[in-house]
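A.B. asks: One letter stands for each residue in the lines below.
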Amino acid sequence: MFSRRIDKSPYGYLFIAPFFLVFFIFDLGPILYSFYLSFTDWSGFNTPTFIGLANYERLLQDTLFFKSIYNTLIIWILSIIPQLTIALTLALILHEKFIRGKHLFHAIFYFPNMVTPVTMGVLFALMFDWQNGSMNKLLMALGIVEDPVYWFNSPFLSQLIVASILMWQWFGFNMLVFLAGLQSIPEDLYEAAEIDGANKFQTAIKITLPLLRPVLIFTMITSVIGGMQIFDQPLMIGKGPENSTLTMVMHLYEAAFVRYEYGYGAAIAYGIFVLIAIATAFSMWMTKLKEKKEG
Amino acid sequence: MNKKNLLFTMLVFIFAIGTLVGCSGGEETSGGSDQELNNENMKPEDFKGELDIWTFFGGVEGMAKSFEEKYPNVTVNVEVFPGDQYQTKLMTAIQSRTDVPDIFDLERSYMGRFINQEFVANLSEMGKIEDRVENYVPYVKSLGEGKDGNVKAVSDHSSPGAFWYHRDLAKKYLGTDDPEKVSEMVSSWDKVIELGQKVYEESGGKVHLLSHYGDVFNVEKQHQEKWIQNGKLVIDPAWKDIFMDMKQIREKNVDAKLPYFSGGWGDALNEGGVIMFAMPAWGGFMVNNDGGQAKGKYGLAKTPSGYYEGGTFRAIYEGSDNKELAYEFIRYISGEEWQTKNLEETGNMPALKSVYEKKLDTYTHEFFGDQKILKQYYELVQDIPPHEAGEDQNAISTLFYDAASAAIDNGESYEQALERFKKLVSNGYPELEIE
Chain A
1 MFSRRIDKSP
11 YGYLFIAPFF
21 LVFFIFDLGP
31 ILYSFYLSFT
41 DWSGFNTPTF
51 IGLANYERLL
61 QDTLFFKSIY
71 NTLIIWILSI
81 IPQLTIALTL
91 ALILHEKFIR
101 GKHLFHAIFY
111 FPNMVTPVTM
121 GVLFALMFDW
131 QNGSMNKLLM
141 ALGIVEDPVY
151 WFNSPFLSQL
161 IVASILMWQW
171 FGFNMLVFLA
181 GLQSIPEDLY
191 EAAEIDGANK
201 FQTAIKITLP
211 LLRPVLIFTM
221 ITSVIGGMQI
231 FDQPLMIGKG
241 PENSTLTMVM
251 HLYEAAFVRY
261 EYGYGAAIAY
271 GIFVLIAIAT
281 AFSMWMTKLK
291 EKKEG
Chain B
1001 MNKKNLLFTM
1011 LVFIFAIGTL
1021 VGCSGGEETS
1031 GGSDQELNNE
1041 NMKPEDFKGE
1051 LDIWTFFGGV
1061 EGMAKSFEEK
1071 YPNVTVNVEV
1081 FPGDQYQTKL
1091 MTAIQSRTDV
1101 PDIFDLERSY
1111 MGRFINQEFV
1121 ANLSEMGKIE
1131 DRVENYVPYV
1141 KSLGEGKDGN
1151 VKAVSDHSSP
1161 GAFWYHRDLA
1171 KKYLGTDDPE
1181 KVSEMVSSWD
1191 KVIELGQKVY
1201 EESGGKVHLL
1211 SHYGDVFNVE
1221 KQHQEKWIQN
1231 GKLVIDPAWK
1241 DIFMDMKQIR
1251 EKNVDAKLPY
1261 FSGGWGDALN
1271 EGGVIMFAMP
1281 AWGGFMVNND
1291 GGQAKGKYGL
1301 AKTPSGYYEG
1311 GTFRAIYEGS
1321 DNKELAYEFI
1331 RYISGEEWQT
1341 KNLEETGNMP
1351 ALKSVYEKKL
1361 DTYTHEFFGD
1371 QKILKQYYEL
1381 VQDIPPHEAG
1391 EDQNAISTLF
1401 YDAASAAIDN
1411 GESYEQALER
1421 FKKLVSNGYP
1431 ELEIE
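If you read the sequences in order, they're chains A and B.
The first sequence stops at residue 295 when you use our numbering, and every number in between is there.
The second sequence stops at residue 1435 when you use our numbering, and every number in between is there.
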């Protein structure tokens, strides 16, 4: 029934060749080239000159780079906790049978994700404007504050605003991912639990969450990667007081595309790459660790 | 290797080579010629061909149209790339030497990086352009010069700034809307601060004289020593005065805390609440003139110092095979004919002193009623010290402003502001020596 030899017809390679060619030229090529650039001094006009590890040495002494890592982490943590909590809660609620017009809610909650990040950045910057922002007008009209709040003069408030843009933008997307996960959980488990007399809360904790774990891991990893690359939204807000909303990628952008230090920009990019790789590996290791404990 | 494998390898190889060839650019065409082009004696009809121009500024289309009208056998293709992407797009084209336009526009803020590169043609060698720019407003002339003193880029305008003030508010709070008198009232920052306090008190805090303390920085930033000298960061003591003026303006409620070009600033410019705005001559697009509502609404007063904001310069690509025509275009826009037309049609101030002088007593702009605004602008524009475009000058000035405004917003001293500033500079420019 089975031939002893697998038929290794080379035509298969032809079919996959276009992808690899495009990948080598437009993805791997630039990736390797920027790795080379990270060892050079290049302003874009001259020919790149090889300077060894100087860019990486500078990176390790660049206090602003470390600050940008810290900022990115703070913004990410401030956004991810409410984001996933809201997404999961909404997904659990919308998964209930008695909710009417579910699809309308799916669309509404997903809507912020369709707005481009730049637009969101501008919108929030205007909303939280010191003198003319609608948020201050509202707070003053309600009598909560007497003088307008200078939001963007406080490092923490600025970070919180950027984090809320991210939260606002992504909770709907994560909610849909969670919903997809919920739908894959077999109905009979719930029925069995119901017969055993479990209440809604118990089924959520004992059945839904454990079975949702693969989806949670997926969301965690994608949000770690996405969260490390925050760029558009804070760019519209600006660097913030004390550079508090300067994220890692913004720092890269400033070096490469504002000061035209392509070599140093490439070194920052590789610094970010290493950090994201570590963070991703860490989050995968964490989830595996849990698995082992449970197993 | 069997036949099939060979065929497969060859196919992949051909495919790969084909793609790579597609990526590589054509060779750079002609090099620089030392011969002076003899455009001076040619008639407009003698010029034939097509010219490619890249810009970030939509107004160039009108300029091209005007050129085509005068030069009937020439077609000018203008490509407009709005926003920040223009610079990257231009650099990529130049690096790969593909599809580089004959003429490209450079904005004041980054032109210093470009004009000393070898791909920018030396206009001084191409014709008598130096005679033209000799009659230019000094700062516009020197910005377009390379390190060797040759003309590398030419602008068709100057972009002086001045105080635009609401006439009705000036009458009410300053007691006059006469440009001469108002100019006198704000001829120094001390006077501005004193007057600003008065306005604030008289209006019960509803009206402010200025929009933001940033106006001091914008007006004064071109009057100091260069930041970088012999690899060292030099901090002109005059920056302290600028900082102190900015700080006082905030502390004494002279400004409405509306940053330049912010949403609230635009509202105040159109609707009031702030009396005057330090603004460049090209800023008119921020004024809402639907149904002619801005007619005669503003007056123009002199700022304590002359200053300019922005500016678009035009350079020729050294590798262009159309240099003669490109040079003719540059020659055209540097002449009186175009600059007068441009002033009348768009309100952009000329670069030629002769155009200023000829129009001094006649030119009016609808926003300013019958005020002869060239008078104020001409005096201010000549007060701007000529300086080279410089590579990092603007960027470092911005860092100073960032540090100064952070210090002022947090009630800090000049020394603390300097500390912030030095930190920012040492991070962005680690090769600089900073004391």
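Simulated from the structure, these hints should not be mistaken for lab results.
Heads up, the beta-carbon is just placed ideally off N, CA and C, and yes, glycines get one too.
One or more hints might be untrue.
Unchecked claim - Derived DSS-like pairs: lysine-lysine, alpha-carbon spacing no greater than 27 angstroms straight-line: (1) Lys137/A / Lys1206/B; (2) Lys1423/B / Lys67/A; (3) Lys67/A / Lys1422/B; (4) Lys137/A / Lys1252/B; (5) Lys1232/B / Lys67/A; (6) Lys1070/B / Lys1358/B.
Unchecked claim - Chain B regions said to be covered by chain A (calculated; three or more residues, Cβ under 8 angstroms): (7) 1067 to 1079; (8) 1405 to 1411.
A.B. asks: Taking the hints in turn, state whether each one holds.
C.D. replies: To see whether the hints hold, each was checked on the structure:
Restraint check for Lys137/A and Lys1206/B: satisfied, since their Cα atoms lie roughly 16 angstroms apart, inside the 27 angstroms limit. The straight-line distance between the Cα atoms of Lys1423/B and Lys67/A is roughly 13 angstroms, inside the 27 angstroms bound, and the hint therefore holds. Of the supplied pair hints, the one linking Lys67/A and Lys1422/B holds, its CA atoms being roughly 17 angstroms apart against a limit of 27 angstroms. Annotation: proposed proximity of Lys137/A to Lys1252/B holds, straight-line Cα distance about 24 angstroms (limit 27 angstroms).
The hinted pair formed by Lys1232/B and Lys67/A meets the criterion: a straight-line CA distance of about 26 angstroms does not exceed 27 angstroms. Annotation: proposed proximity of Lys1070/B to Lys1358/B holds, straight-line Cα distance about 22 angstroms (limit 27 angstroms). Figure legend: the segment 1067 to 1079 of chain B, annotated as covered by chain A; annotation inconsistent (0 residues with Cβ-Cβ distances under 8 angstroms, at least 3 required). With 3 residues having a beta carbon nearer than 8 angstroms to a beta carbon of chain A, the segment 1405 to 1411 of chain B meets the requirement of three or more and the stated coverage holds.
Violation of the numbered hints given earlier is confined to hint 7; every other hint is satisfied by the structure.
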